[in-house]
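Colleague: Residue numbers (our numbering), protein chains in the order written: chain A, 1 to 482; chain B, 1 to 482.
Derived by calculation from the structure, the hints in this document are not laboratory data. Please note that the accuracy of each hint is not assured.
[Unchecked claim] For lysine-lysine, the following BS3-like pairs were computed, each having C-alpha atoms within a straight-line distance of at most 30 Å: (1) A:Lys417 <-> A:Lys448; (2) B:Lys34 <-> A:Lys5; (3) B:Lys462 <-> A:Lys166; (4) A:Lys143 <-> B:Lys78; (5) A:Lys5 <-> B:Lys5; (6) B:Lys462 <-> B:Lys53; (7) B:Lys5 <-> A:Lys34; (8) B:Lys78 <-> B:Lys34; (9) A:Lys166 <-> A:Lys251; (10) A:Lys376 <-> A:Lys417; (11) B:Lys143 <-> A:Lys339; (12) B:Lys339 <-> A:Lys34; (13) B:Lys339 <-> A:Lys53; (14) A:Lys196 <-> B:Lys421; (15) A:Lys196 <-> B:Lys143; (16) A:Lys78 <-> B:Lys92; (17) A:Lys5 <-> B:Lys339.
2 protein chains.
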Amino acid sequence: MAVAKHTYIVNQNILDMEYAVRGPIPQRAAELNKEGRTTIPCNIGNPQALGQKPITFYRQVAGLIENPAEITRERRLKQLIDRSEQDDEQLKNLVLYSDYVLDRAETYLRLSGTGLGAYTASNGPLFIREAIARFINERDGFKSDGPLAANPDHIFVTNGASESAKYIIELLIANPHDGIMIPIPQYPLYSATIKKAGGTQVNYFLNEEQGWILNRADLEESLELAKKAGTRVKAIVVINPGNPTGAILPKETISEIIEFAQDHQLMIIADEVYQENVYGAEFFSFARVLQDRPVPLFSLHSISKGFYGECGHRGGYLEIRNIPFSDGSNIPFHEIILKQASVSLCSNTVGQLLVWLMTSPPEPGSEPYELYTTEKTLVLNDLYEKATMIRQAFEQMDSVRCFGRTGAMYLFPRLDKLPAKSTDFDYCMNLLESTGLTTVNGSGFGQKPGTSHLRIAFLPPKAMLETMLPEWIEFHNRYVNK
Amino acid sequence: MAVAKHTYIVNQNILDMEYAVRGPIPQRAAELNKEGRTTIPCNIGNPQALGQKPITFYRQVAGLIENPAEITRERRLKQLIDRSEQDDEQLKNLVLYSDYVLDRAETYLRLSGTGLGAYTASNGPLFIREAIARFINERDGFKSDGPLAANPDHIFVTNGASESAKYIIELLIANPHDGIMIPIPQYPLYSATIKKAGGTQVNYFLNEEQGWILNRADLEESLELAKKAGTRVKAIVVINPGNPTGAILPKETISEIIEFAQDHQLMIIADEVYQENVYGAEFFSFARVLQDRPVPLFSLHSISKGFYGECGHRGGYLEIRNIPFSDGSNIPFHEIILKQASVSLCSNTVGQLLVWLMTSPPEPGSEPYELYTTEKTLVLNDLYEKATMIRQAFEQMDSVRCFGRTGAMYLFPRLDKLPAKSTDFDYCMNLLESTGLTTVNGSGFGQKPGTSHLRIAFLPPKAMLETMLPEWIEFHNRYVNK
Numbered sequence: 001m002a003v004a005k006h007t008y009i010v011n012q013n014i015l016d017m018e019y020a021v022r023g024p025i026p027q028r029a030a031e032l033n034k035e036g037r038t039t040i041p042c043n044i045g046n047p048q049a050l051g052q053k054p055i056t057f058y059r060q061v062a063g064l065i066e067n068p069a070e071i072t073r074e075r076r077l078k079q080l081i082d083r084s085e086q087d088d089e090q091l092k093n094l095v096l097y098s099d100y101v102l103d104r105a106e107t108y109l110r111l112s113g114t115g116l117g118a119y120t121a122s123n124g125p126l127f128i129r130e131a132i133a134r135f136i137n138e139r140d141g142f143k144s145d146g147p148l149a150a151n152p153d154h155i156f157v158t159n160g161a162s163e164s165a166k167y168i169i170e171l172l173i174a175n176p177h178d179g180i181m182i183p184i185p186q187y188p189l190y191s192a193t194i195k196k197a198g199g200t201q202v203n204y205f206l207n208e209e210q211g212w213i214l215n216r217a218d219l220e221e222s223l224e225l226a227k228k229a230g231t232r233v234k235a236i237v238v239i240n241p242g243n244p245t246g247a248i249l250p251k252e253t254i255s256e257i258i259e260f261a262q263d264h265q266l267m268i269i270a271d272e273v274y275q276e277n278v279y280g281a282e283f284f285s286f287a288r289v290l291q292d293r294p295v296p297l298f299s300l301h302s303i304s305k306g307f308y309g310e311c312g313h314r315g316g317y318l319e320i321r322n323i324p325f326s327d328g329s330n331i332p333f334h335e336i337i338l339k340q341a342s343v344s345l346c347s348n349t350v351g352q353l354l355v356w357l358m359t360s361p362p363e364p365g366s367e368p369y370e371l372y373t374t375e376k377t378l379v380l381n382d383l384y385e386k387a388t389m390i391r392q393a394f395e396q397m398d399s400v401r402c403f404g405r406t407g408a409m410y411l412f413p414r415l416d417k418l419p420a421k422s423t424d425f426d427y428c429m430n431l432l433e434s435t436g437l438t439t440v441n442g443s444g445f446g447q448k449p450g451t452s453h454l455r456i457a458f459l460p461p462k463a464m465l466e467t468m469l470p471e472w473i474e475f476h477n478r479y480v481n482k
Numbered sequence: 001m002a003v004a005k006h007t008y009i010v011n012q013n014i015l016d017m018e019y020a021v022r023g024p025i026p027q028r029a030a031e032l033n034k035e036g037r038t039t040i041p042c043n044i045g046n047p048q049a050l051g052q053k054p055i056t057f058y059r060q061v062a063g064l065i066e067n068p069a070e071i072t073r074e075r076r077l078k079q080l081i082d083r084s085e086q087d088d089e090q091l092k093n094l095v096l097y098s099d100y101v102l103d104r105a106e107t108y109l110r111l112s113g114t115g116l117g118a119y120t121a122s123n124g125p126l127f128i129r130e131a132i133a134r135f136i137n138e139r140d141g142f143k144s145d146g147p148l149a150a151n152p153d154h155i156f157v158t159n160g161a162s163e164s165a166k167y168i169i170e171l172l173i174a175n176p177h178d179g180i181m182i183p184i185p186q187y188p189l190y191s192a193t194i195k196k197a198g199g200t201q202v203n204y205f206l207n208e209e210q211g212w213i214l215n216r217a218d219l220e221e222s223l224e225l226a227k228k229a230g231t232r233v234k235a236i237v238v239i240n241p242g243n244p245t246g247a248i249l250p251k252e253t254i255s256e257i258i259e260f261a262q263d264h265q266l267m268i269i270a271d272e273v274y275q276e277n278v279y280g281a282e283f284f285s286f287a288r289v290l291q292d293r294p295v296p297l298f299s300l301h302s303i304s305k306g307f308y309g310e311c312g313h314r315g316g317y318l319e320i321r322n323i324p325f326s327d328g329s330n331i332p333f334h335e336i337i338l339k340q341a342s343v344s345l346c347s348n349t350v351g352q353l354l355v356w357l358m359t360s361p362p363e364p365g366s367e368p369y370e371l372y373t374t375e376k377t378l379v380l381n382d383l384y385e386k387a388t389m390i391r392q393a394f395e396q397m398d399s400v401r402c403f404g405r406t407g408a409m410y411l412f413p414r415l416d417k418l419p420a421k422s423t424d425f426d427y428c429m430n431l432l433e434s435t436g437l438t439t440v441n442g443s444g445f446g447q448k449p450g451t452s453h454l455r456i457a458f459l460p461p462k463a464m465l466e467t468m469l470p471e472w473i474e475f476h477n478r479y480v481n482k
């Protein structure tokens, strides 16, 4: 039977939108998997897909809250042990949860009132937003009763940081001439969301040889060009630590960006989801460097990265400082964003729960503290060691240079030698076909014309790297010299 | 210190968007709660916020997968019991999970490969989409190898059904003249999403006195009017069972809608999230009535409603039949929607898991089957009894009439008598202030000019209704006669 084919004119912005992290190369990897070939998914910062273990504390609390009967059972087990006259090793060996963890789960159930199964407030439960505010205050040294203290009403708990970014960008783009400055290279969530909202992407270039740091002169030049083209620039996106570059911004650079934004009445969108991934360097949040300067700031954080790596649970938050207002109607942005969020009812409750646990970890001296700290250190040390192994491999590859400090979960080496007419896309596709290693071509993130790069997430277990890196080196030196 | 006030021109569509279910009346209720007053949240279909218990099977499996150490511990406990020479009642009383549930959790871990902590494919894991396909085939009587069998590649697992609706509507609106037909009254997700996407909302009226059923003549009239106004109508939204009306569409009406869509080359968006909430009536899905007619169909389902009520977990799915293509570029819609989904990486994994459990419940004869069935029946019977109690209360209210069969989770009575210059919004606000009962005014959903309604979710426990309903009756007869 011939099937009628229905065609419809659709939203051109969605057709035009690109998202390389899940683009042609990972799609080819998925095909190879179907054919039974093993691939190594380094195209995306998805640690648990490469064997990173979840933090025990998070999962214990989450499991108990999903099924509170478990709390009752554990309390009963502990009572049996207490009442037992002889030392009952058999029972003792069955114990799985500390009292602290049981209490934490009960605290969530009490404070939420409804557990995980009910819609919450669209901005997330107040007690979770309060925990986030305390976390920010502590991280940035703000007094909880001082003028810089985070305001829970200006915080939104969202499905990952992606949803936060969408709320802001969709709100800011009022017409096709509205522009948002984004770094090049950038994380394609930003270019895709600007494209979908029908706005103008205004590029500013990061300086590779200076370790992917930006400077004010480049920002001014980018803004000037955009204005000349008739673009009304509203905000600047900064990703720190960088994605895909891994660069960690020094305090001075952040301050320079804030001054630039203040001078041009721009809002700042600070993607700070990799704030724990600094490997010994100091992380300066935009809020901390901002202090009392009156620049509107949106900062994003997430449970997907850091040492938590809970990508699948889709939890994140957005904090707004120096709340802007809509022109004319004069409505504060947090009220508008609350309405945006309300159309989806609320973010998922387990993601919210993990944001709560991320921002209120076990206190020093509490029962789970030692294991929590050990696991945290182990993950972060391991990530750094793996990054170092990969960087060392670059030294054995013909004309590969990798600039900047190690941050986030990515390395973004420059491929200075490629066969004639070959692009970094071709390189990555051939690398995948030859070795199973799945990366993303630099052009998927944007790069200075004439340069070629790739992004690799430094997540595979060390044993895997030990096999994979020699294969990559061999592939590389053969491919670029063919 | 005077704080500089920053104003920016923002997206007018977002400013104009309305969402009554979380609008001024629930916002006032939240204020009352802050002042310490108790309110009853019947403004929203959020069963677990009003004491509905989660289905044990779902939560047991979810808890075990969050913390797989629990599976190991339970197996160990069972081994101890098996090995024990005397009958160890103490140990036996500790057992919490059936082998079936432990196996189910292990099956998820094995099939997912990465547990709950990793991003999945953007359309959801294949094994979950396969389970959904089997569920649809079984529900609608399609042979799994026949031409009508659901195709897992045309299914998307999403954060609730809201996200599914957004993907479709955002894709379909290519310019401000693009229109989507929606019922009046309707669930405001649709009006809000069309508004936000910058398209045209094309109303068709449901016939209240015929039990909120629609008929072809009304559809034709609505379409004709829209065309005259220069609107390019692309799709028709049907909510069955209805929200806010609770109406359950008969097979003949569904068939009529399909013929209408076919004759005018419209796509159908079938919101079928209340498919379990039919209370003895038969549910006909659009897919089942469609059979092999070549009309593009998007159907939505969710874990939030039915007897599951897992709103907070944000799980749902979208199935597409008769895949349409983009005009010109000729890309099938499921590929475009996959790109849309990929920008958010994936839906939350616990929501996905619950979609899997919803579509592959315990088999008859399996250990959890009896409890699962008992809980399911209990919830559905209880909902129906509560709806009946409320309907009976309407009979004691001056000039209140409630049409149609009982379906979904809502009653949408007509208020034929209101004080002069008073609207249904005023009524609902006064009802809230007087009794704490939180409902939504009919104008929040749209209604025939000159009529007034409210929507109440029939969720409060019966004991609560016994106190609440006399208060409401007393309020009503006083308010409308003042």
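Colleague: Each hint should be assessed against the structure and marked as holding or not.
Modeller: How the hints compare with the structure:
1. A:Lys417 <-> A:Lys448: Between A:Lys417 and A:Lys448 the Cα gap is close to 15 Å, so the pair holds against 30 Å.
2. B:Lys34 <-> A:Lys5: violated, 56 Å
3. B:Lys462 <-> A:Lys166: Violated: B:Lys462 and A:Lys166 sit about 42 Å apart, past 30 Å.
4. A:Lys143 <-> B:Lys78: violated, 52 Å
5. A:Lys5 <-> B:Lys5: Violated - the C-alpha atoms of B:Lys5 and A:Lys5 are around 54 Å apart, more than 30 Å.
6. B:Lys462 <-> B:Lys53: holds, 14 Å
7. B:Lys5 <-> A:Lys34: With a Cα-Cα distance of about 56 Å, the restraint between B:Lys5 and A:Lys34 is violated, given a limit of 30 Å.
8. B:Lys78 <-> B:Lys34: Roughly 48 Å separates the two Cα atoms, so the pair is violated.
9. A:Lys166 <-> A:Lys251: holds, 27 Å
10. A:Lys376 <-> A:Lys417: violated, 38 Å
11. B:Lys143 <-> A:Lys339: violated, 44 Å
12. B:Lys339 <-> A:Lys34: holds, 20 Å
13. B:Lys339 <-> A:Lys53: holds, 29 Å
14. A:Lys196 <-> B:Lys421: violated, 44 Å
15. A:Lys196 <-> B:Lys143: Violated, because 39 Å separates the two Cα atoms, which is more than 30 Å.
16. A:Lys78 <-> B:Lys92: holds, 15 Å
17. A:Lys5 <-> B:Lys339: Judged against 30 Å, a Cα distance of about 21 Å means the pair holds.
Hint check: violations occur at hints 2, 3, 4, 5, 7, 8, 10, 11, 14 and 15; the rest are consistent with the structure.
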